[in-house]
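So the sequence lines, in the order shown, correspond to chains Y and W.
Using the UniProt record's numbering, the first residue of the first sequence is number 1, and each one after it goes up by one.
Using the UniProt record's numbering, the first residue of the second sequence is number 1, and each one after it goes up by one.
Misleading hints may appear alongside valid ones.
Cut-off 25 Å, straight-line C-alpha distance, at most; resulting in silico cross-link-like pairs (PhoX-like, lysine-lysine) [unchecked claim]: (1) Y:Lys-154 / W:Lys-50; (2) Y:Lys-136 / W:Lys-80; (3) Y:Lys-99 / W:Lys-50; (4) Y:Lys-154 / Y:Lys-41.
Facing chain Y, from chain W, some residues (calculated, C-beta under 8 Å) [to be verified]: (5) Gly-105; (6) Arg-129; (7) Met-154; (8) Gly-229; (9) Ile-230.
Derived from the structure by calculation, the hints contain no laboratory data.
A virtual CB, placed ideally from N, CA and C, is assigned to each residue, including glycine.
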Amino acid sequence: MASRLWASRAASYLRISTTFNRSFSTVLKDLKYADSHEWVKVEGSSATVGITDHAQDHLGDVVYVELPEVGAAVTQGGSFGAVESVKATSDINSPVSGKVVEVNEVLSDSPGLVNGSPYENGWIIKVELSNADELKSLMDADKYSKFCEEEDAKH
Amino acid sequence: MIVVTIPKFTSIQIYPPRNHTKDRHPRRTYLVLSSEFSHSEPTSIAHEAKRRCDCFDIYKETVPYAEAWSWQKSIVKERKALIEQDEDCSDTLIILQHHPVYTLGTASTEKNLNFDISDAPYGVYRTERGGEVTYHGPGQLIMYPIVNLRYHKMDLHWYLRALEEVVIRVLSNTFSIKAFRLEGLTGVWVGDQKLAAIGIRVSRWITYHGLALNVTTDLTPFQEIVPCGIRDRRVGSIKGVLRDHVSCDEYGKAKMHLSDEQLVDITHKSLVKEFCKVFQVEICHRPIPMQMFSQGKLPTLATNENIS
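Isolated chain Y (complex conformation) (with noise of 0.2 Å):
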């Protein structure tokens, strides 16, 4: 509770507006949803991330993405690489744990495609799972959309 009461007290004495973007993200049905805003589309024991509509509307333009190397290992929760834009870079976590198998090349000359086409183009690393289980700990597409209003209504 404080902390939101810190969050709201500095940005209304800085009477300085955000880019806050209250207007209804995509969130897609068949995927799941890990709460740092990545998606994964499971297809038998490989898996696709990429980064939600949210988190790209929030983000702003995306000039740059880093990407893992292919057999690289991913973990849960752990970090595999990173997105650019307005002078800050952010991780992006993975919300499995397996191998790398193939990643995005395309994102190298095309970091937009994140912007433009979060869950299709935009794909960022294609996964082979180790452990299917983790999936229960995701969220589903209603979990998520909750979870972002929750989010964006604290700030």
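Use these hints to put chain W onto chain Y, whose structure you have.
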């Protein structure tokens, strides 16, 4: 406290000199001499306890980049561990200067270097922060805030604007220099000169890297790069802005008798003050952990206590 000596007359507007060819706003006032040292008092929030911010303040020291970089990363690692245990109670602020060095961000291109990277005039570090190439060196005050945005605002844009706000207030409240933001060009500008550069990294909402403010910096090394990838503007310093405008003064008596050291002292004090106000934190000065630095690198430090 060192007080800037400013003549007593009412505010006058000083327009930039006519040979300021790159100035896009010829009538913009960006230095106003006021009759007294201006202070702005914060809105009182006496009833709220402010978040603590541990401050490692070695603003007079020039530190090798690699040492400070590794120090930041170790603090971030510790903070993430504390967050896991729900024990993250304070933010951190490091203030220092660097030995001459160039640093690149994650997306930086070597095309913005006017030299071959294998034959660089100073060390070059490719870092994990956002932003393009920049130069750090003596006379430039660096702030590395390591803040948990969950306790402030989980919004990177807000954080960048807040860092800019700190510097804008320093320039305005302490030097009466009117600085501003330019949309799309993160940093703090006076005329067509960038006085402060910003580049950050965020990991699990913990920020690191930060801002660099030119106070008395020798700006020559910036000529070896395209600073921040921006070709049609310049880099400036507080000393440069003050010198340009004092020399323009038709009244002739507005001379700033400040040494470089005094200028850095005044700026540092103001940076800490404005940082506390913008981020609504309470500074808690901490001794520098000696194991973070090689022996002999910081001869002026009087303590070798460890952080608790």
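Taking only the CA atoms, is the gap from Lys-154 of chain Y to Lys-50 of chain W under or equal to 25 Å? It holds: about 18 Å lies between the C-alpha atoms, which stays within 25 Å.
Grab the minimum C-beta distance from Met-154 of chain W to chain Y and call the hint holds if it beats 8 Å, violated otherwise. holds, 6 Å
When the least beta-carbon distance from Gly-105 of chain W to chain Y is tested against 8 Å, hint result: Since the shortest Cβ distance to chain Y is 7 Å, the answer is holds.
For a C-alpha distance cap of 25 Å, please report whether Lys-154 of chain Y and Lys-41 of chain Y respect it. The given pair, whose Cα atoms are some 28 Å apart, is violated under the 25 Å limit.
Would you check the hint for Lys-136 of chain Y and Lys-80 of chain W, treating anything up to 25 Å between C-alpha atoms as holding? holds, 24 Å
Is the interface hint satisfied for Arg-129 of chain W? The criterion is a beta-carbon contact with chain Y at less than 8 Å. holds, 6 Å
25 Å Cα cutoff - pair Lys-99 of chain Y, Lys-50 of chain W: violated, 44 Å
Interface hint status, Ile-230 of chain W versus chain Y (Cβ within 8 Å): Cβ of Ile-230 of chain W sits 12 Å from chain Y, so the hint is violated.
Quick check on the hint: Gly-229 of chain W CB to chain Y CB, less than 8 Å? This interface hint is violated because 10 Å lies over the 8 Å limit.
When each numbered hint is compared with the structure, violations occur for hints 3, 4, 8 and 9.
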